[in-house]
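**Student:** Each chain, letter by letter, is given below.
There are 2 protein chains.
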Amino acid sequence: MADYLSMTKPQLLEEQAGLQQQYDAFAQKGLKLDMSRGKPSPEQLDFSLGLLEMTDHIDDTGVDARNYGELEGLPETRRYFASLLGAKPEETFVAGNSSLNFMYNMVDLGWRKGFVQGEKPWKDQERIKFLCPSPGYDRHFRVTEVFGFELLIVPMTPDGPDMDIVEDLVQDEAVKGIWCIPVYSNPDGYVYSDETVRRLAKMDTAAGDFRIFWDNAYFAHHFTKDHKTCLNILDESRKAGHEDRPLMFCSTSKMTFAGAGACAMAASVANIKLASDFLFSTTICYDKINQLRHVRYFAREGGLEAHMQRHAAVIAPKFKTVIKTLHAELDHHGKIARWTEPVGGYFLSLFTLDGCARRVVELCKQAGVVLTGAGAAYPYGKDPSDNHIRIAPTYPPLDELELAAQLLCICTRMASVEKLLEIA
Amino acid sequence: MADYLSMTKPQLLEEQAGLQQQYDAFAQKGLKLDMSRGKPSPEQLDFSLGLLEMTDHIDDTGVDARNYGELEGLPETRRYFASLLGAKPEETFVAGNSSLNFMYNMVDLGWRKGFVQGEKPWKDQERIKFLCPSPGYDRHFRVTEVFGFELLIVPMTPDGPDMDIVEDLVQDEAVKGIWCIPVYSNPDGYVYSDETVRRLAKMDTAAGDFRIFWDNAYFAHHFTKDHKTCLNILDESRKAGHEDRPLMFCSTSKMTFAGAGACAMAASVANIKLASDFLFSTTICYDKINQLRHVRYFAREGGLEAHMQRHAAVIAPKFKTVIKTLHAELDHHGKIARWTEPVGGYFLSLFTLDGCARRVVELCKQAGVVLTGAGAAYPYGKDPSDNHIRIAPTYPPLDELELAAQLLCICTRMASVEKLLEIA
Numbered sequence: 006m007a008d009y010l011s012m013t014k015p016q017l018l019e020e021q022a023g024l025q026q027q028y029d030a031f032a033q034k035g036l037k038l039d040m041s042r043g044k045p046s047p048e049q050l051d052f053s054l055g056l057l058e059m060t061d062h063i064d065d066t067g068v069d070a071r072n073y074g075e076l077e078g079l080p081e082t083r084r085y086f087a088s089l090l091g092a093k094p095e096e097t098f099v100a101g102n103s104s105l106n107f108m109y110n111m112v113d114l115g116w117r118k119g120f121v122q123g124e125k126p127w128k129d130q131e132r133i134k135f136l137c138p139s140p141g142y143d144r145h146f147r148v149t150e151v152f153g154f155e156l157l158i159v160p161m162t163p164d165g166p167d168m169d170i171v172e173d174l175v176q177d178e179a180v181k182g183i184w185c186i187p188v189y190s191n192p193d194g195y196v197y198s199d200e201t202v203r204r205l206a207k208m209d210t211a212a213g214d215f216r217i218f219w220d221n222a223y224f225a226h227h228f229t230k231d232h233k234t235c236l237n238i239l240d241e242s243r244k245a246g247h248e249d250r251p252l253m254f255c256s257t258s259k260m261t262f263a264g265a266g267a268c269a270m271a272a273s274v275a276n277i278k279l280a281s282d283f284l285f286s287t288t289i290c291y292d293k294i295n296q297l298r299h300v301r302y303f304a305r306e307g308g309l310e311a312h313m314q315r316h317a318a319v320i321a322p323k324f325k326t327v328i329k330t331l332h333a334e335l336d337h338h339g340k341i342a343r344w345t346e347p348v349g350g351y352f353l354s355l356f357t358l359d360g361c362a363r364r365v366v367e368l369c370k371q372a373g374v375v376l377t378g379a380g381a382a383y384p385y386g387k388d389p390s391d392n393h394i395r396i397a398p399t400y401p402p403l404d405e406l407e408l409a410a411q412l413l414c415i416c417t418r419m420a421s422v423e424k425l426l427e428i429a
Numbered sequence: 006m007a008d009y010l011s012m013t014k015p016q017l018l019e020e021q022a023g024l025q026q027q028y029d030a031f032a033q034k035g036l037k038l039d040m041s042r043g044k045p046s047p048e049q050l051d052f053s054l055g056l057l058e059m060t061d062h063i064d065d066t067g068v069d070a071r072n073y074g075e076l077e078g079l080p081e082t083r084r085y086f087a088s089l090l091g092a093k094p095e096e097t098f099v100a101g102n103s104s105l106n107f108m109y110n111m112v113d114l115g116w117r118k119g120f121v122q123g124e125k126p127w128k129d130q131e132r133i134k135f136l137c138p139s140p141g142y143d144r145h146f147r148v149t150e151v152f153g154f155e156l157l158i159v160p161m162t163p164d165g166p167d168m169d170i171v172e173d174l175v176q177d178e179a180v181k182g183i184w185c186i187p188v189y190s191n192p193d194g195y196v197y198s199d200e201t202v203r204r205l206a207k208m209d210t211a212a213g214d215f216r217i218f219w220d221n222a223y224f225a226h227h228f229t230k231d232h233k234t235c236l237n238i239l240d241e242s243r244k245a246g247h248e249d250r251p252l253m254f255c256s257t258s259k260m261t262f263a264g265a266g267a268c269a270m271a272a273s274v275a276n277i278k279l280a281s282d283f284l285f286s287t288t289i290c291y292d293k294i295n296q297l298r299h300v301r302y303f304a305r306e307g308g309l310e311a312h313m314q315r316h317a318a319v320i321a322p323k324f325k326t327v328i329k330t331l332h333a334e335l336d337h338h339g340k341i342a343r344w345t346e347p348v349g350g351y352f353l354s355l356f357t358l359d360g361c362a363r364r365v366v367e368l369c370k371q372a373g374v375v376l377t378g379a380g381a382a383y384p385y386g387k388d389p390s391d392n393h394i395r396i397a398p399t400y401p402p403l404d405e406l407e408l409a410a411q412l413l414c415i416c417t418r419m420a421s422v423e424k425l426l427e428i429a
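Sequence lines, in order, name chains L and V. Counting from 6, one number per residue, gives the positions in the first sequence under our numbering. Counting from 6, one number per residue, gives the positions in the second sequence under our numbering.
Treat the hints with care, as some may be off.
Just so you know, same-sequence chains aren't split out, so a pair can sit in one copy or run between any two.
[As the list claims (entries may be wrong)] 25 Å max Cα-Cα, derived DSS-like pairs, lysine-lysine:
{"no.": "1", "residue 1": "Lys118", "residue 2": "Lys387"}
{"no.": "2", "residue 1": "Lys118", "residue 2": "Lys134"}
{"no.": "3", "residue 1": "Lys278", "residue 2": "Lys37"}
{"no.": "4", "residue 1": "Lys424", "residue 2": "Lys244"}
{"no.": "5", "residue 1": "Lys329", "residue 2": "Lys93"}
{"no.": "6", "residue 1": "Lys34", "residue 2": "Lys370"}
{"no.": "7", "residue 1": "Lys118", "residue 2": "Lys128"}
The hints are simulated quantities; they were obtained by calculation from the structure and are not laboratory data. Fair warning: this is a prediction, and the values are worked out from it, not measured in the lab.
In isolation and in its complexed conformation, chain L is listed as follows:
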């Protein structure tokens, strides 16, 4: 085992031949694995089967969840999600099955009607820009792409987005918002530091209607007893005199059933009022039975934390397997790759040599393992360094996952050797 970066051309060619043999052996296994999306495994889904037995339909204030009304969510469920998000019930809007959809709606609100402190709706402004901490969540970026906004990359650090760059960029009045996943970020699994949260809350922005889209999708997704958390952006923003700045989201999609849960937003009362007025034009109400089903089910099962521990027992070993394999297969070939080692969430990042990620994904695919497309975690799907791969370990069974991780390492080494041969 030698450092690829100090190999001679003949040595690289010899290594390449060996890797090709290993790769061919894998290809013959006929693997068919999809690791492209952050999907819960069937085993995880089974933890919530009891949810389907819940017949509750009257909330603790007497509202019948079976009928129209309560656009902002069932009162009982607003109280519950408020407690999860660290907000007051009147600051909390409980909605439908997709938090991404709620985020789309809030961008649509800014676009069509405008936020308070905004001079005019975004549609009436020449150019709108959005900050995209990258690597990040492709579906966030796509929302703002479909509105035609200019998407600006902000590098991610283990403490969150690079705040020096953020503070610089928000001096532009056209910059209207930022996408954030503050806890166990997608895809790195980083947790925003206190300083990052405080700087986001305090910073001066040229746009009065600058909004932080705070997608706290994984706040309860701990693998260990070391529960990472972050400061409450609504509290911090209020202290700094910017209480209308953050829109905090969460969802039960990765707690119970993916795509069949409930989501919520917490924000200032002024923002909740704006959201209500706008959403009244787009829908009658959300599925309140499913809202109540979730809240009562978590209570019945001993609380959300106990429920999430069951998930952790399945997910943590999968992350461990991937990380162990990465170490075993990639530690001894020089600096051809690095990766994140999250203690929660749904993803981790693998960084290859520059210009190799697309090739790694292609090689894996040809051998039967589909990864998230290279570049997907960057605005417009374009990774300027072509070095990032998102790994989603939750769905495959442990034994298949181990195989897939081994293949990924072989492909990473192959692509590295190819790249080094180019410049040798």
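Place chain V on chain L using the hints.
**Tutor:** Relative to the frame of chain L, chain V by itself:
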């Protein structure tokens, strides 16, 4: 009992005094009734309690409804809703809990991306106009209002919108669509004639991307064995070479639980493809468990028709009571009012003398009965003749409904006398 329209001023004053006494007696009853929205009664909601016991989560093609995916709906449920809408499964998109939201999305699609045969997205066109058969559904009109479209009134007839006027207005390239409720229309309860459907399908429109928003919300809501139906607009449009023109919607909100059902759209494959591509940017997927829950429940309960007969047994007597009261209290005072007598749906229309509707609603409210706001059934909430009142008889218990209908008649007579005194 005399014809108000031929009364002298002293006679009118005497009548007014008598009506005031009756009104005061009602006001003292302390009624508190909300007839403002088309809400199912608790008794109706109980018909679907079994829905909450359904634990099915794998569809008949093997798809696990508990996980992400199948944006266009679970295959089994696409087949089911296709059969309801008279379309093929690949022409059918099964979505979330709100068909109004799906319609908003389709207008948003036209606005942001544009339809096939459209030269450019609606947002890039100077002025967009939409046809609003009136009286109609306020929430339809509001969707197009929030987009800033100009809303044009088209008079409703018992056969549907006045087609001479429609055919004239669509000669304007800015006219991009029409709102239709073809069966048991909201609020009149009219059913579109074959000729109306054919003319809508066939007519030449200046705009290639003219779209018919065909909200078939009440196609299964018959009161009697005389099941009114209408021609399939997708079939008729295809015959006429306009298969991309109609977007057909339905919803289970008024079949099971209001706001907690599933909705669907049927349209040409090209439109379904456009919808998929666009909605991919706005959400991950819809609640497929609730889709399956509904399809399997209807099957378990002996089919949708049997289920809807249970509703009819509760709703039909309520309509009968209102109509009987209107005859008893308003038949003998000359032409001061007319009303529709639907055999299905959720609403009926009461037409007063011109300039009286707002006053009737106000009088009712002061005596404890809240009706839909006068004018609500017209674009921008403005009834040019101020003569229309929407009656929603489903929610109140029968005995309270009878009292409310009596009060409504007294208020109608009071407002008529006031109006006649003005011009006497």
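**Student:** Compare the structure with each hint and give your call.
**Tutor:** For each hint, the structure was consulted:
In this homomeric assembly, Lys118 and Lys387 come within 25 Å of each other (Cα to Cα) only across copies, at 22 Å, whereas the closest approach inside a single copy is 31 Å. In this assembly of identical chains, Lys118 and Lys134 lie within 25 Å of each other by CA distance both inside one copy and across copies; the values are 17 Å within and 20 Å between. For the identical chains of this complex, Lys278 and Lys37 are neighbours neither inside a copy (48 Å) nor across copies (27 Å), given an alpha-carbon limit of 25 Å. Neither within a single protomer nor between protomers do Lys424 and Lys244 lie at most 25 Å apart by alpha-carbon distance, with minima of 51 Å and 59 Å respectively.
Proximity of Lys329 and Lys93 under a CA criterion of 25 Å is satisfied in neither setting, with 42 Å inside one chain copy and 50 Å between copies. Within a single copy, Lys34 and Lys370 get their C-alpha atoms as close as 13 Å, which meets the 25 Å cut-off; across copies the closest is 75 Å, which misses it. Taking identical chains as interchangeable, the C-alpha atoms of Lys118 and Lys128 lie at most 25 Å apart whether they share a chain (9 Å) or sit on different chains (14 Å).
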